[in-house]
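Let the hints inform the model, and build the full structure from the sequences given.
Chains G and W supply the protein sequences, listed in that same order. Heads up: the first sequence at position 558 corresponds to 558 in UniProt numbering, and the numbers run straight through without jumps. Heads up: the second sequence at position 527 corresponds to 527 in UniProt numbering, and the numbers run straight through without jumps.
Worth flagging that the hints you see were computed from the coordinates, not collected in a lab. Bear in mind that the values here come from a model prediction, so they are computed numbers and not experimental data. Be a bit skeptical, because a hint or two may be false.
No copy is singled out in the list; a pair is fine if it fits within one copy or between any two copies.
As the list claims (entries may be wrong) - Mimicking DSBU-like on lysine-lysine, the simulated pairs with C-alpha atoms at most 35 angstroms apart in a straight line are:
{"id": "1", "residue 1": "K347", "residue 2": "K336"}
{"id": "2", "residue 1": "K573", "residue 2": "K148"}
{"id": "3", "residue 1": "K320", "residue 2": "K261"}
{"id": "4", "residue 1": "K215", "residue 2": "K112"}
{"id": "5", "residue 1": "K506", "residue 2": "K471"}
{"id": "6", "residue 1": "K372", "residue 2": "K356"}
Protein chains: 2
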Amino acid sequence: MASPSTICMGQYLFQRIKQLGTEHILGVPGDFNLTLLDEIYNVSGLKWIGCCNELNGAYAADGYTRIKGTPAVLVTTYAVGELSAMNGVAGAYAEHAGMIHVVGMPARSLQKARAMLHHTMKSNMDHAIYIQMAEPIRETHAYLMEDKTMAEEIDRTIIACLRSRLPVYIYVPVDAVSVPLDAKRLETPLDTSVQNKDSKIEDHIVSSILSLVEKAESPAILADVIGVRHGGRELIRKLAELTHFPSYSTPLSKGVVDETKPYYNGLYNGKVSFPGVADSIEASDLVLNIGPLPSDSNTGGFTREIKDEHLVWLGHDFCKVQDQTFDGVHFLPVLKKLVAALEAEPKKFKLPRPQKAPRPDVPLLLDQKSGKIKQAYVWQRLGRFLRENDILLVESGTAQFGMPDATFPPNVKLITQTFWSSIGFTVGACFGALIAAKEINHTGRVVLIVGEGSLQMTVQEIGSYIRYGLKPIIFVINNNGYAIERAIHGPEQGYNDVSTMWDYQKMLEFFGARQELGIKTKSRATKTVEELEAVLNDEEFASGDNYQLCEIVMDTFDYPWRLSEQISVTREKMRRAAAQQTAATGEA
Amino acid sequence: MASPSTICMGQYLFQRIKQLGTEHILGVPGDFNLTLLDEIYNVSGLKWIGCCNELNGAYAADGYTRIKGTPAVLVTTYAVGELSAMNGVAGAYAEHAGMIHVVGMPARSLQKARAMLHHTMKSNMDHAIYIQMAEPIRETHAYLMEDKTMAEEIDRTIIACLRSRLPVYIYVPVDAVSVPLDAKRLETPLDTSVQNKDSKIEDHIVSSILSLVEKAESPAILADVIGVRHGGRELIRKLAELTHFPSYSTPLSKGVVDETKPYYNGLYNGKVSFPGVADSIEASDLVLNIGPLPSDSNTGGFTREIKDEHLVWLGHDFCKVQDQTFDGVHFLPVLKKLVAALEAEPKKFKLPRPQKAPRPDVPLLLDQKSGKIKQAYVWQRLGRFLRENDILLVESGTAQFGMPDATFPPNVKLITQTFWSSIGFTVGACFGALIAAKEINHTGRVVLIVGEGSLQMTVQEIGSYIRYGLKPIIFVINNNGYAIERAIHGPEQGYNDVSTMWDYQKMLEFFGARQELGIKTKSRATKTVEELEAVLNDEEFASGDNYQLCEIVMDTFDYPWRLSEQISVTREKMRRAAAQQTAATGEA
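Given below as structure tokens:
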């Protein structure tokens with residue numbers, strides 16, 4: 001029992017979480033977490049949000065984190081719950097959309113007795129076996145087995161999550177929930193700020209960058225997604241606005257630089273970029289690469305060509321200025337100091353410096369007015385449907401490779417998973433984004449674009465939007481299967497098919513958006529440009545006030561050019577590597 | 001390239017799988033497994049079956065294995081696929097419904113270069129990191145990195161799967177698919193039989209048992225699920241038929257003993273059994289416990305009371321006769337010899353021996369004729385709906401705790417997951433069971449009973465039944481949330497709610513069973529006994545020839561007695577343990 005100066009462990013945990021500004025806890029109940037969940041109701045301002053399953057819950061947590069900027073909390077149960085969530089947590093690890101994953105466990109006495117409870121796998125099993133399985137997909141974890149260290153373990157883990165932007169785990173045995181902890185600790189808020197050990201090194205990096213900026217003839221900014229994920233979004237925008245240096249985003253960071261500004265030069269994805277974009281950035285004599293995530297599909301299959309001597313790399317785990325590497329230095333304090341220094345002496349650095357060369361034009365790919373809907377037309381058109389402040393979720397597959405063709409209005413927040421690339425992700429992530437948007441009183445719409453193969457993976461979470469009264473605008477790209485896989489291999493093979501029997505026009509109705517319940521809802525299927533234009537130009541649809549869905553039917557074998565190009569670049573690289581290997585073997 | 005005496009690795013693998021009698025490969029495509037999947041089409045008699053997602057795929061594989069008796073094959077892709085499947089594979093591990101899980105991986109050259117491909121999590125990551133994560137949920141694995149050992153590694157892994165009845169993994173780098181292997185190996189079928197190292201020990205065990213049988217006054221058979229999973233089903237039935245010893249099943253093995261036979265004495269679940277059942281088996285002076293799985297919910301919360309001196313334990317990892325333990329001895333060869341010995345000399349062993357004591361009556365719990373449908377009525381009634389040879393899937397939750405009240409007709413194969421207890425399992429498992437039933441030309445129906453909270457977890461796989469023309473009879477228990485959790489804790493807490501807005505009457509239609517497509521389908525909702533009786537007595541419904549669903553609406557707070565009893569037994573144990581601990585602490 002908790003005395004006035006103590007507080008039970010479960011409530012301590014949720015009070016700490018509330019202090020982060022979190023208002024909703026996501027998850028799925030299970031008999032090893034029920035008493036823990038009770039404590040949510042004892043913290044004023046916290047609400048429980050049930051998800052249909054744990055993978056979707058993890059996706060939702062990821063989406064929440066991306067919009068809220070602070071980590072979502074996901075609660076699952078022992079074994080069946082935590083293992084179901086793994087792929088979603090791993091994706092949040094890969095793309096730095098960290099979460100606090102709280103897992104209920106059997107009582108400590110039963111763990112010590114190695115009781116053969118349900119959710120174990122054999123007699124005399126170490127109950128902690130699943131903790132070990134999640135080791136590679138988390139920054140750290142707390143395993144609350146000792147009364148004495150519970151409070152500090154919770155604090156340590158939460159701080160690590162905020163600083164690393166990676167998932168952390170807190171494992172809570174059923175009986176630990178009621179352990180009394182020192183309530184006084186809660187009076188001291190957690191210091192979750194990102195700090196480097198040695199501020200002199202930060203100063204050194206900043207002054208090195210400043211002298212490069214002074215000398216540079218054609219400096220540029222390449223703003224990537226790690227910058228966004230680690231809370232650098234506003235600093236990046238400020239840097240671009242302050243300097244007017246030609247600024248670029250990547251497939252993962254699209255939208256971070258205001259695309260309506262004259263200094264926005266386009267989306268840089270190595271050889272898989274619009275004409276002029278790669279030439280332009282690769283000709284810069286200084287590239288400030290903020291928060292890089294240099295994966296295959298974020299670099300045009302490793303075809304970026306920026307010379308080391310022109311590159312300033314500001315990463316979450318190291319910074320690098322030309323040939324000097326600073327291991328373990330986080331970019332965020334460096335970027336803060338850099339922006340402050342530039343802001344303080346704009347004249348010294350000749351800021352702003354409008355670019356001299358003409359900015360690369362965005363080509364209009366296909367100005368379709370009628371007929372069957374083509375990939376080359378649809379993405380730029382959907383881009384024009386977007387409005388300032390929209391939150392946009394773009395599923396892996398053709399949507400992900402098509403959307404970079406669009407030009408965004410200001411302040412669109414894009415959620416896409418180009419690195420982890422788990423299909424079905426956006427349906428869950430959209431749920432979390434909707435909840436985060438509610439918490440921050442976001443005024444923009446939430447727009448979900450998902451292919452039908454991906455939708456089939458995680459479709460039940462559409463029901464959760466409706467359950468909680470959340471209304472994204474949903475586009476379903478219906479092109480008869482896994483188009484991205486068809487483009488890669490086996491376009492006509494049966495394994496790339498999905499069921500074509502689902503009727504997406506009946507989906508919202510099935511999940512609960514029904515006129516008979518007094519709910520306004522409308523679903524529309526579009527097979528031609530005329531039909532699609534009619535929907536996109538319909539103010540009722542565009543307002544997003546009702547439950548609604550627009551199905552866009554496209555040809556099975558029509559792919560976005562970026563997808564085809566990325567595949568051909570990758571194939572060419574593999575072909576050359578194989579040829580080199582053959583040559584090398586021949587020599588040996 | 002494969003010369004006439006060689007065969008490419010991918011085809012070698014699928015030829016080996018075909019040799020097991022497998023006709024369908026389950027899974028989800030991904031860019032690291034597409035060329036592997038091509039090889040399915042090159043093996044005559046093999047077909048690809050696409051699942052909506054990997055967790056459902058793993059559940060389907062589990063269900064397939066339980067019906068087919070040989071392991072299903074599940075193919076997933078690197079990282080996103082294999083991690084999504086984990087909970088399903090772990091369940092198959094816990095309940096010995098093993099599968100061959102084949103995972104596509106990046107080409108070996110890219111693995112060696114530690115390329116930052118999509119589906120990795122960071123730069124310079126060991127691509128094998130996910131292999132390590134799955135270590136606790138498999139018997140063994142093959143990681144096909146060396147041309148020379150690929151064939152033997154595949155063979156070794158498949159054999160291990162068949163012998164252990166546990167999941168195994170085969171990791172296939174994209175470029176390994178085309179590696180030429182020795183085709184001649186395929187001419188020698190794999191020896192997958194279960195053998196103990198020392199047949200003399202088997203003989204010793206058998207003769208010990210035989211002498212106990214000779215002396216026993218009141219011998220009994222307790223047939224459990226490991227016996228079924230390891231291929232002992234027919235032997236168990238033969239043993240019971242041969243001896244007429246009073247025979248018992250468990251929650252997990254229900255149906256293994258023909259319940260219409262006079263020697264079937266009921267389902268033994270410790271204190272959570274029908275009156276007379278526990279007394280009867282616990283009074284036996286010899287209990288042949290075949291294939292035990294002594295988990296909490298399979299033993300009435302560890303309340304079995306069979307004395308060690310009366311117990312013969314025939315397990316998959318050890319056998320024990322009274323106080324003599326034989327580690328590492330598998331029951332199957334022992335059981336074969338035992339049955340043969342008894343069959344050879346029935347007179348010596350006075351077989352059959354009809355039981356003297358009256359068999360415990362199965363009480364009629366509630367003879368409801370009208371009004372709202374009650375838990376106490378519904379399960380025994382659904383039991384009477386069953387027919388000989390039905391395959392019955394019973395979801396975790398109220399269904400799982402209710403169904404033991406029913407009496408099965410002969411040869412009902414029950415699929416339920418009382419040990420692993422992952423809700424949503426049956427919806428996927430049903431898909432696999434349907435496919436296996438097709439392969440073995442099963443004449444009985446496939447009946448799925450699932451609660452709506454569980455259904456929401458995995459609902460999309462209903463669409464796969466329809467896609468592939470498979471028609472189970474579906475019962476949806478609709479009682480407003482997670483009733484099993486309500487019974488355990490927080491009956492009125494919001495976390496035990498699920499969306500009540502789904503319209504299950506529209507489900508089959510949404511997923512593709514629509515009259516407009518020429519498909520016969522019917523969904524019905526029942527809220528009263530009269531309505532339910534009308535459906536159950538409808539020959540068209542009972543025939544299972546169409547797509548159809550029967551929703552059964554029940555009260556939110558009505559629970560099966562076994563569930564309440566199990567919880568109260570467990571609470572009492574925890575209370576006593578806590579009291580003991582307090583006492584112990586007081587003494588110290």
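Status of each hint after checking the structure:
When the C-alpha separation of K347 and K336 is checked against a cutoff of 35 angstroms, the pair qualifies only within one copy, where the shortest distance is 19 angstroms, while the shortest distance between copies is 92 angstroms. Proximity of K573 to K148 under the C-alpha cut-off of 35 angstroms is restricted to the inter-copy arrangement: shortest distance 27 angstroms between copies versus 56 angstroms within a copy. In this assembly of identical chains, the alpha carbons of K320 and K261 lie at most 35 angstroms apart only when taken from the same copy (28 angstroms versus 79 angstroms across copies). With identical chains, the CA atoms of K215 and K112 are never at most 35 angstroms apart, being 65 angstroms at best within one copy and 40 angstroms at best between copies.
Within a single copy, K506 and K471 get their C-alpha atoms as close as 16 angstroms, and across copies as close as 21 angstroms, so both meet the 35 angstroms cut-off. In this assembly of identical chains, K372 and K356 lie within 35 angstroms of each other by CA distance neither inside one copy nor across copies; the values are 41 angstroms within and 79 angstroms between.
Checked against the numbered hints given earlier, the structure breaks hints 4, 6 and satisfies all the rest.
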